[in-house]
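Enquirer: Sequence:
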Amino acid sequence: MASPAPRLPVAGPSSEPKASMLKRMGGPSDLKAGVGRGGIRTAEEIQHIVHEVSKRSKYFKDQERRDRELQVKVDKLKGRLAQEELTARGDEEDKADAILKELEETRDLSRVIALIDADAFYAACHVRVNPELEGKAFGVGGGMLTTASYGARKYGCRSAMPFFIAQKLCPHLVSLKLEPDLYVKASREIFAVLSKYGTIAPASLDEAYVDLTQYCADQDVTPTEAITRLRAEVQATTGLTVSAGVSPNKTLSKIAADVNKPNGQFVIDPTREACMEFIQGVRLRKCFGIGRVCETLLNGIGLETVGDIFRDRAKLYLVRHHLGQSAHFRFLLGLYLGLGRNRVKRAKRGDRKTYGVEKTFTPTSDPGKLDDVIRRVAKSLAKDLKRADFSGRTVTLRIKHADFVSVTRAHTPGKNIYLRDYKDLVRIGLMLLHKEIDERPKLIARGEEVKGGRNPVLKARLLGLRVGNLRDERALAKANKLDGWVRVSSRSTPEIELSDSDTDVQRDSDLDDDEDEDDDEADPGKRALNAVMRDAAIDPFADAGDGEGGVKKEDAACDPAAFGGASGSGSGSWMCVDDYDNDAEDEDAEVVRGRFGVHRGATVPKPSQRRAQQPSSSTIVQGSSLAAASRAGSPPKRKSPAAEDASANEKGKKRRIRKEEEEAAKPASGNEWTCPVCDKVFAGSEAAMSGHVAKHFADDEPPARPKVKVKKECGSLGGGGMGGSKVSSKTKVKGKGRKG
DNA sequence: GCGGATCAC
DNA sequence: TATGGTGATCCGC
Ligand SMILES: Nc1ccn([C@H]2C[C@H](O)[C@@H](COP(=O)(O)OP(=O)(O)OP(=O)(O)O)O2)c(=O)n1
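Taking this note's numbering, I'd label the letters of the first sequence as residues -1 to 738.
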């Protein structure tokens, strides 16, 4: 009110919409979808309509808040840059050039890597089954569109757009219900064809990298001929069209696949010049790993395209520590050079890190309703975990407040306590929720910060549970035949405060039995969706647990493709890559080596990769392994990028060790048995085993945790990385039976 | 280990 | 009226 400008907020033309908001809500920047050519509506028109329909919603208000916060970050970055420039030494470009030189030496143009991406995937799957949809404007997903047919994209409809808005853009638009089975089936068919051309690494249900190097050599054909054949065969056998990008690495292929999308392809010659020329003009946002925030920050200091990275390398160097996780210096330089990983490998069962289920509902503060959601979510999650045969040590509750601001609250019962059952999930979920509800008024009374507004009564629009720090029960049980014990132990999870948990649990039980039929999904619909997609991802390859995970980050710098994704639909199929090794050497300042980038989001770290290298023969104690790990990166180094890497590596190793432990337990047989909690191996009666296991729950400290042996991993440094061949052996832990 | 932020599909 | 679900990584505590 006290604002200077006496502009009255009368009904009419309130303040004009901010450009950043227009872009955020319906911007062309989202270019993922081919809204460009042949559009029936102009970008401005689309933005205007979307803005009009959205502007009064809570969602919009939240987006405005985020927009403001982002703007603050941009201003801050600009300020830092200005500050740094005052004291710049003048050798910034030299520093950057030194790194460029170093990165350049890692360039490998010897491989032919393709990224295949199905066009409007879910939509195409529906058309395949129902030809009448051909050419029609429709979306898939119900209330929220997961994708839109090209016919609908002409009007501006896109992925992640709510149906009611899409309808404003395209009045005759219809929205189809999700049919997971359709997508999973189509995905398998596509991948089956791809497999005939080389090793593949699915990045999601509709995307996969294919290494065409060998195919080209064997058939004596050019990459263009190979990809032309591949796409033709995919269409001939599946009836679906795919777009493809081909180049010496995944980073470039990923971007290239978008160039001639729908039903098109783009091949980049395997020369340094071709790679660099191609990427120079690419808009930053098109690069895997550079999202809205990163793009905005870079735009803020004057960069628009990949080529600008070189032009402004001195600036980037100066603010290298303030670019955020998605834009590390080294990652950007690698991008500029058109470098990327080129190893194509698929992820395995053991690479999954979490399982989760979340549900959005009409915002409510009703404790009973919120509790019910927790129960339903827990039930769904328990089913998924059981099916997949995984248990986990940490349960995380996610609450999205009515104003769209979300928070997470985690609980780890004990160092060796693994959960999987419905009751445990509900108990912990309710405990976390109630704690949040109960603490809220107190915090507010004390004037402390809380998310979701200042109302002491929590009002949520979504609740979700996720289980992490997983353990592969299948491998464990198979090896030790202790499946029953494992369950028993997890069920007896100790403590868990909550005196009121009793009542809660009780209610749970009731609900447990009866299926919820009640509202929304609950049933077949969505739930099935998740389960199906998940299996899809893993099923095919599900094999052992090891695998290599994917992306590592460092290296050449980027690996966009590393992929991540998997999400949308299931998760499972990730791709993995290996890369060269590279380790660390950079000096202090620049450094970012590590994460070069990609990590952004998704993707599998590559922990398993090493673990797979050798059968479980040679072994070293955990301590040694960790020591080696830390050594690789840099010990207590600071947060410099290098540190990032080291840190990441270490985590990966720890994880690997956990798996190794399982592996180690495997050999048990005869009178030998392995404690499902501490993994120690004993020889003795069942009674003895029972007694030992019970000790774990007697008090918090379990019996002495044995040192675990792990096999030595191949040097993370150099040569190690690659070798894909030897890897396989150990994996067979679970064999084919995965059915789930 | 936890929680927030980013990113991808 | 009205804006999803799933999973991963990084960073700073
Ligand atoms: N926010 C999103 C984005 C995508 N998907 C799902 C539906 C898509 O069909 C599928 C593949 O996503 P893509 O990004 O590859 O997009 P499309 O294949 O739909 O279209 P395009 O032709 O642009 O690749 O993933 C989703 O559920 N949620």
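Keep in mind that a hint or two might mislead.
Unchecked claim - What follows is a list of derived Cβ distance ranges for each label pair: (1) L107 / E67: 41 to 47 Å; (2) T360 / E132: 34 to 40 Å; (3) K76 / V219: 46 to 52 Å; (4) V70 / V219: 17 to 23 Å.
What the hints assert, rightly or not - Within a straight-line C-alpha distance of at most 25 Å, the following computed DSS-like cross-link-like pairs (lysine-lysine) qualify: (5) K76 / K56; (6) K457 / K53; (7) K59 / K74; (8) K449 / K357; (9) K59 / K175; (10) K357 / K284; (11) K56 / K381; (12) K76 / K16; (13) K413 / K398; (14) K398 / K381; (15) K476 / K449.
Calculated directly from the structure, the hints in this document are not laboratory data. None of these values were measured; they are calculated from a predicted model. Yeah, the Cβ is synthetic: ideal placement off N, Cα and C, and Gly gets one too.
Enquirer: Now tell me, hint by hint, if it's right for this structure.
Expert: Here is how each hint holds up against the structure:
no. : hint                    : result
1   : L107 / E67: 41 to 47 Å  : 42 Å, holds
2   : T360 / E132: 34 to 40 Å : 36 Å, holds
3   : K76 / V219: 46 to 52 Å  : 51 Å, holds
4   : V70 / V219: 17 to 23 Å  : 54 Å, violated
5   : K76 / K56               : 30 Å, violated
6   : K457 / K53              : 22 Å, holds
7   : K59 / K74               : 23 Å, holds
8   : K449 / K357             : 19 Å, holds
9   : K59 / K175              : 29 Å, violated
10  : K357 / K284             : 31 Å, violated
11  : K56 / K381              : 33 Å, violated
12  : K76 / K16               : 20 Å, holds
13  : K413 / K398             : 28 Å, violated
14  : K398 / K381             : 23 Å, holds
15  : K476 / K449             : 45 Å, violated
The structure fails hints 4, 5, 9, 10, 11, 13 and 15 (numbered hints given earlier, in ascending order).
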